[in-house]
Amino acid sequence: MTKRTAESSNELGRQSEPSFLILTSLASGDKHGYALAKDVEAFSGVTLGPGTLYGAISRLEERGLIAPVPSDDRRQPYQITASGRTALASAVRDMRALADEGSRRLRLSVLTLRHALRPDFTELAQ
Amino acid sequence: MNVNHRYDRILRWYPANWRQRYGQGLAALLEDTYGEDQLPLRVRVSLARAGTVERAREVGVVGESANSAERLRAGSLLVLCGWTLFVVAGTAFAKFTEHWDVATPSAHRTLPAIADASAQAAGILSAIAVLVAALMTVPAVLRLLRSRGWASIRRPMLRGTLSIGVSVALFAGLVLWAHQLNLHQRNGGLALYGLAAIVTGFVVLAAMVIVTTTVITVTRKLDISRRVLSLLSSLALVMTLLMGVIAAGIGLWWASEAIYAPQFLANSIGSGIIGTSNALPPALIVAGVLMVLGLTGACTGSVRVLGGFKRARPGGHEVPGF
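Each protein sequence line maps, in turn, to chains A and B.
If you read the first sequence in my numbering, its first letter stands for residue 76, the second for the next number, and so on.
If you read the second sequence in my numbering, its first letter stands for residue 3, the second for the next number, and so on.
No lab work stands behind these hints, which were simulated from the structure alone.
If you anchor each label on the Cβ, the simulated ranges turn out as follows:
1) H101/B with E92/A: 54 to 60 angstroms
2) L295/B with G120/A: 37 to 43 angstroms
3) E176/A with L113/B: 56 to 62 angstroms
4) E116/A with V170/B: 56 to 62 angstroms
5) A142/A with L160/B: 39 to 45 angstroms
6) A208/B with V167/A: 52 to 58 angstroms
7) T215/B with R160/A: 41 to 47 angstroms
8) A142/A with G37/B: 26 to 32 angstroms
9) R168/A with N69/B: 26 to 32 angstroms
10) A250/B with R160/A: 49 to 55 angstroms
11) T163/B with G120/A: 53 to 59 angstroms
Which residues of chain A face chain B? A partial, calculated answer using Cβ under 10 angstroms:
12) Y109
13) T127
14) I132
Note that the Cβ used here is the ideal one computed from N, Cα and C, for glycine as well.
Produce the complete structure using the sequences and hints provided.
Here's what the structure looks like:
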């Protein structure tokens with residue numbers, strides 16, 4: 076397994092961290108604060124409070140991972156930068172590697188995963 | 003209501019520079035999320051916390067974006083803030099524990115005496131350290147004044163000077179009055195004198211806070227050389243150690259008195275209030291809490307200073323992290 080570097084682990088933190096969630100959201104297009112919060116909630120179930128969201132936005136902008144898009148509206152849209160895409164890709168690779176390692180240690184294959192999840196699907200169907 | 007002003011009050015938790023850059027966007031987000039409704043309490047608390055964090059980041063107390071010099075400066079100033087709390091707490095301890103030796107059996111005086119002497123010696127050394135640090139910044143202050151920097155520090159300097167003047171005048175008046183009173187009157191017999199002493203205490207406390215704020219404001223504007231900044235930061239580390247000695251000394255003294263002279267603590271100011279035992283008089287508890295807060299601030303500042311030194315080392319990670 077590729078060794079996880081200090082830089083990459085420092086980049087975005089865990090998948091539940093605001094920076095990672097914001098970059099993931101912006102990867103599919105520019106968004107302003109409200110749209111970001113709603114999108115993050117929709118795809119991750121995490122509700123980012125206004126203070127947390129803007130704290131993370133300022134930090135990401137400071138690092139050059141996102142940038143404001145010129146706008147006349149009072150809502151300020153943001154876009155992911157090339158560095159932001161690189162950082163996000165690196166974080167996703169790290170997570171995938173960790174997930175693969177977890178699966179390997181649990182001896183989970185796609186089939187066993189499906190089997191393990193089947194009761195939930197059955198419950199949902201009922 | 004205009005969105006630009008509706009959230010002005012809550013956004014004041016954030017520093018001005020941050021508000022200028024992100025304030026409108028954040029206000030728009032609040033407007034979009036909550037419409038005409040009042041902001042829920044948890045959101046207000048969250049914004050207050052986030053704003054405070056941004057202020058701490060701006061001065062370099064927290065966060066990865068500050069460079070080594072900013073970390074050293076911020077850490078040292080945090081130690082100074084902790085020391086100010088220590089001065090307040092130490093003064094309270096000194097006042098409330100006057101003549102403890104008379105009330106303590108001679109056979110059991112050695113340990114509290116050593117603890118008391120250690121705390122006093124460390125207190126004097128820490129005051130000398132602050133004085134040395136102040137003298138080291140004099141050239142930078144003069145440079146600031148020569149470069150027409152007076153206008154930028156005039157208001158805090160005048161505020162600090164005024165607060166010192168009022169405190170000194172009140173304290174001098176109290177001392178003069180005390181000389182005309184007998185022991186009984188000075189120790190609770192004369193209510194008006196007691197009230198004046200409390201008011202003076204609060205004024206002095208407020209003055210210390212104002213002066214500390216002034217020192218922080220002025221220090222942040224100073225152009226301090228790398229060498230001087232390193233020396234100041236080293237002094238801050240020494241001060242934290244001395245504060246640790248003071249806290250340990252007072253803790254040891256307190257424990258010794260609780261064991262060998264509980265009647266002395268029982269007669270301390272505020273004793274007998276419901277929920278307090280003889281060994282834990284309220285006045286000393288308040289002073290102790292201030293001391294713990296001061297020590298916590300100083301330790302946090304020292305960690306920041308050590309982080310600054312680490313970054314400044316050749317091969318140190320000077321590039322801001324995520």
